[in-house]
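Sequences listed follow chains D, H and E, in order.
Reminder that position 105 of the first sequence reads as 732 in the numbering used here, one-by-one numbering, no gaps.
Reminder that position 31 of the second sequence reads as 36 in the numbering used here, one-by-one numbering, no gaps.
Reminder that position 296 of the third sequence reads as 696 in the numbering used here, one-by-one numbering, no gaps.
Hints were generated in silico from the structure; no laboratory data involved.
Mixed in with the good hints there might be a few duds.
As the list claims (entries may be wrong) - With a straight-line Cα cutoff of 30 Å, these simulated DSS-like cross-link-like pairs (lysine-lysine) come out:
hint, chain 1, residue 1, chain 2, residue 2
1, H, K13, H, K83
2, D, K677, H, K13
3, D, K677, E, K606
4, D, K862, H, K44
5, H, K13, D, K844
6, E, K706, E, K734
7, D, K853, H, K58
8, D, K672, H, K13
9, E, K605, D, K672
Unchecked claim - Just some of the chain H residues that point at chain D, by a computed CB distance under 8 Å:
hint, residue
10, S29
11, Y30
12, V55
13, G69
14, L70
Computed from a predicted model, the values in this text were never measured in an experiment.
Even glycine gets a Cβ: it sits at the ideal position worked out from N, Cα and C.
Residues per chain, in single letters:
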Amino acid sequence: MNETMKAENPVLPYLRQDRLPHIWCPGCGIGSTVNCFARALTESKLDLDKVAIVSGIGCTGRVAGYMNLDSFHTTHGRAIPFATGLKLGNPSLKVVVYSGDGDLFAIGGNHFVHAARRNMDLTVICINNGTYGMTGGQVAPTTPLGATQTTMPYGNFEPSFNLPFLAEACGAVYVSRWTVFHVRQLIRSMREGLAKRGFSFIEILAPCPTLYSRRNKLGDGVDQVKYYKERSTIKDGADTREVGLTFQGDIVVGKFVDRERPTWLDAMTRHYTSVINDYQGVGHAED
Amino acid sequence: MSETPQAKGKGTVFVRIEVCKGCSYCIDFCPTKCLAFSKEFNAKGYHYPVLTKPEACVGCDMCGLYCPDFAIFGIRLKDLEKAQQK
Amino acid sequence: MKADPKGVLTGIHFIDGDHAACEGALAAGCRFIAGYPITPSTEVVERFAQRIPHIGGIFIQMEDEIASSIAIQGAMWAGKKVMTVTSGPGLSLMMEHIGLAAFTEVPCVFVDVQRGGPSTGLPTLPAQADMMQVKWGSHGDYEIIALSPNSPQESFDLMIKAFNLSETFRVPVFFMMDEVVGHMVERVAIPEASKIEITERRWSKKKPGEYKPYEAGPDMVPDLVKAGDGHRIHITGLTHDERGYPALNAAAQKKLVERLLNKIRLRKDELVDVRQDGVEGAEVVVVSFGITSRVAQAAVEEARRKGVKVGHLRLVICWPFPAALIAELSERVKAFVVPELNMGQMVLEVERAVLGRAAVVSIPHPGGTVHEPQVILDKILAASGKGAPAPQRAVR
Chain D
628 MNETMKAENP VLPYLRQDRL PHIWCPGCGI GSTVNCFARA LTESKLDLDK
678 VAIVSGIGCT GRVAGYMNLD SFHTTHGRAI PFATGLKLGN PSLKVVVYSG
728 DGDLFAIGGN HFVHAARRNM DLTVICINNG TYGMTGGQVA PTTPLGATQT
778 TMPYGNFEPS FNLPFLAEAC GAVYVSRWTV FHVRQLIRSM REGLAKRGFS
828 FIEILAPCPT LYSRRNKLGD GVDQVKYYKE RSTIKDGADT REVGLTFQGD
878 IVVGKFVDRE RPTWLDAMTR HYTSVINDYQ GVGHAED
Chain H
6 MSETPQAKGK GTVFVRIEVC KGCSYCIDFC PTKCLAFSKE FNAKGYHYPV
56 LTKPEACVGC DMCGLYCPDF AIFGIRLKDL EKAQQK
Chain E
401 MKADPKGVLT GIHFIDGDHA ACEGALAAGC RFIAGYPITP STEVVERFAQ
451 RIPHIGGIFI QMEDEIASSI AIQGAMWAGK KVMTVTSGPG LSLMMEHIGL
501 AAFTEVPCVF VDVQRGGPST GLPTLPAQAD MMQVKWGSHG DYEIIALSPN
551 SPQESFDLMI KAFNLSETFR VPVFFMMDEV VGHMVERVAI PEASKIEITE
601 RRWSKKKPGE YKPYEAGPDM VPDLVKAGDG HRIHITGLTH DERGYPALNA
651 AAQKKLVERL LNKIRLRKDE LVDVRQDGVE GAEVVVVSFG ITSRVAQAAV
701 EEARRKGVKV GHLRLVICWP FPAALIAELS ERVKAFVVPE LNMGQMVLEV
751 ERAVLGRAAV VSIPHPGGTV HEPQVILDKI LAASGKGAPA PQRAVR
């Protein structure tokens with residue numbers, strides 16, 4: 628091999644390189660998921676000019692700003708309703724929501740519930756680090772019982788959400804969970820989520836070394852990923868009622884739900900076509 | 006700019022030393038354990054990965070998938086040679 | 401450009417203000433509404449839900465007003481002309497996204513069919529008490545435009561103007577109706593599409609790579625592109641530079657916030673829209689807007705029969721407030737009389753413009769019904785010196 632051979636990191640063309648380096652802490656898992664997302668985009672063979680990414684607020688909310696796509700960094704908790712408008716405004720777009728657990732399930736929980744119920748054609752990727760990283764490590768609706776957070780200084784006594792169960796119950800047609808350790812599986816899952824027509828939901832457990840791991844004396848980011856490696860079991864098709872998370876306990880990962888339901892747009896189009904003689908469609912030039 | 010790679014096995018890695026934050030994901034999760042921390046610091050004060058067992062590297066790019074800072078990636082030598090012809 | 405005939409229901413109709421507002425939006429090219437039911441505004445979205453499948457477009461009833469007020473912004477970035485519709489409690493929920501629309505320069509229309517407040521207040525009864533909220537309700541400094549129709553016909557006509565202004569200035573425009581205008585049924589004449597002038601979106605002609613989302617020319621308003629056209633735009637509610645990238649520093653904040661204010665403030669002469677009746681030579685001028693203007697007109701005419709030189713100045717565009725015009729009048733008139741269905745909101749703007757050069761008489765009303773014309777008449781007479789002396793404003 629020639630010593631002067633050069634090659635570019637294959638993820639860089641997917642990023643706004645003029646915005647790097649990113650803001651994420653050493654050992655934060657969000658960047659790893661971005662690698663997987665870039666690979667999934669490659670494998671999906673989508674026209675990237677037709678892919679839009681929408682984020683809310685928080686550490687994961689910054690993902691939209693780093694992706695070299697049409698990208699929208701919206702308000703806290705409201706990425707899903709923004710994405711709903713974007714998708715319905717131009718159904719030829721592939722719209723991805725990429726946001727954190729606090730954003731999507733605390734302040735934004737109601738929007739998640741309804742977008743899943745409607746089967747809005749969105750790919751929702753949730754980075755679950757169990758905490759509010761951007762604001763300094765407060766308790767989240769995903770913080771496991773017993774974990775310490777700045778606003779649960781004596782340990783969390785609130786039960787946490789089991790996100791895959793919630794997503795399935797609300798009507799999501801594709802539900803999976805992986806961790807930052809499971810990069811290959813995550814790429815496949817993101818590719819499947821992008822290809823799925825309807826509301827797909829991918830939960831990714833990721834370390835927040837600065838505010839979750841350190842406060843709970845769990846070591847660095849890499850130590851948390853080692854925990855994911857050691858305690859995860861892959862169970863495709865697992866009953867989502869059984870996949871709740873506990874503090875440093877066993878983790879069930881896999882593809883839990885893959886089913887068919889008409890999307891909101893498909894249902895509306897089918898219904899209006901059958902009941903309205905002169906139905907004019909959604910009014911988009913590319914219909 | 007990536008450092009000039011070493012190559013004795015089936016693959017190699019490229020590292021952008023200055024963007025590494027020393028999280029050690031690539032080192033800990035390398036399937037062939039061919040990476041280790043440098044003795045030197047980068048400008049930000051982090052140790053960065055170096056290919057200490059180049060003969061073991063297969064260019065699988067797991068390091069590239071794990072790296073949260075887009076600082077390292079792996080490539081198979083045959084793909085690297087193809088890339089030079091483009 | 402002319403209106404798309406598909407959305408124009410040309411003819412003479414006998415409909416209420418809510419329905420007329422919907423027809424105005426359709427004529428203006430609105431093809432996407434996200435809304436949430438709230439009295440007394442709901443008829444607007446009910447009509448849109450019925451009409452839009454025959455025209456081509458989308459109505460979606462969202463889970464709340466927070467969702468509605470950002471779903472429309474998503475649809476705008478997909479290229480649609482958009483609107484949402486609400487009343488006081490819903491407007492309060494939308495505040496954060498009004499700031500987002502102002503900051504990211506999203507052309508859109510917010511309809512507020514005002515009812516008595518605060519809180520749940522009087523859902524089925526009128527007020528004009530959201531006037532300051534739409535101007536100042538979201539955090540930070542920003543500018544908006546607000547119009548106030550006083551009839552179903554104006555609910556149609558001014559709605560087209562509202563959409564056109566939102567496109568010209570790239571700001572959220574507020575359509576400040578009230579329960580009475582929303583529910584009163586009157587003749588509404590809808591012209592042919594070829595007679596309706598529509599302001600086209602300011603589409604950029606730049607190619608991907610050249611275009612910067614927040615690069616503005618001399619008129620301070622940047623051109624738009626839409627998602628999916630290859631520009632790979634980034635839009636953020638953080639303070640941003642011309643590329644749309646976050647720029648979290650004082651210099652970027654100054655540059656952006658000043659431009660957003662100045663694109664309205666430095667062009668406010670283009671945004672004066674008042675109806676004047678007998679203002680020239682008047683010694684007393686009634687300043688009103690919306691439904692109150694119709695009650696006030698009866699009082700003005702009665703005062704004239706009693707020999708008072710009284711003029712009537714109706715605000716069609718309430719924000720930006722026509723301060724220069726009021727200031728100029730204040731050199732010549734004895735008093736301004738300001739009836740409104742709130743406890744004294746727009747009168748504060750009149751006072752700021754008058755600066756003590758004339759008397760300013762507030763006629764507050766907590767809402768629930770409209771003023772008695774006699775109350776306004778008494779104040780006009782008192783202000784002119786022909787009636788009992790005007791009492792000090794009891795309620796501020």
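Okay, the hints, checked on the actual structure:
Taking the CA atoms of K13 of chain H and K83 of chain H, the gap is about 13 Å. The hint holds against a cut of 30 Å. The suggested pairing of K677 of chain D with K13 of chain H is violated, with an alpha-carbon distance near 42 Å, which exceeds 30 Å. Restraint check for K677 of chain D and K606 of chain E: satisfied, since their Cα atoms lie roughly 18 Å apart, inside the 30 Å limit. Taking the CA atoms of K862 of chain D and K44 of chain H, the gap is near 41 Å; set against the 30 Å cutoff, the hint is violated.
At roughly 40 Å between alpha-carbon atoms, K13 of chain H and K844 of chain D are farther apart than 30 Å, so this suggested pair is violated. With a C-alpha separation of about 17 Å, the suggested pairing of K706 of chain E with K734 of chain E holds against the 30 Å cut-off. A hinted pair counts as satisfied when its Cα atoms are at most 30 Å apart, and K853 of chain D with K58 of chain H qualifies at roughly 22 Å. Restraint check: the Cα-Cα separation between K672 of chain D and K13 of chain H comes to about 33 Å, which exceeds 30 Å; the hinted pair is violated.
For a cut-off of 30 Å, the pair hint linking K605 of chain E to K672 of chain D stands: about 28 Å separates their Cα positions. Taking 8 Å as the C-beta cut-off, the interface hint given for S29 of chain H holds, the closest approach to chain D being about 5 Å. A cut of 8 Å between beta carbons decides the hint on Y30 of chain H: the least distance to chain D is about 6 Å, and the hint holds. At a threshold of 8 Å, the smallest CB-CB gap from V55 of chain H to chain D is about 16 Å, leaving the interface hint violated.
At a threshold of 8 Å, the smallest CB-CB gap from G69 of chain H to chain D is about 7 Å, leaving the interface hint in force. About 4 Å separates the beta-carbon of L70 of chain H from the nearest beta-carbon of chain D, less than 8 Å, and the hint is met.
Violated hints for the displayed structure, listed by number in ascending order: 2, 4, 5, 8 and 12.
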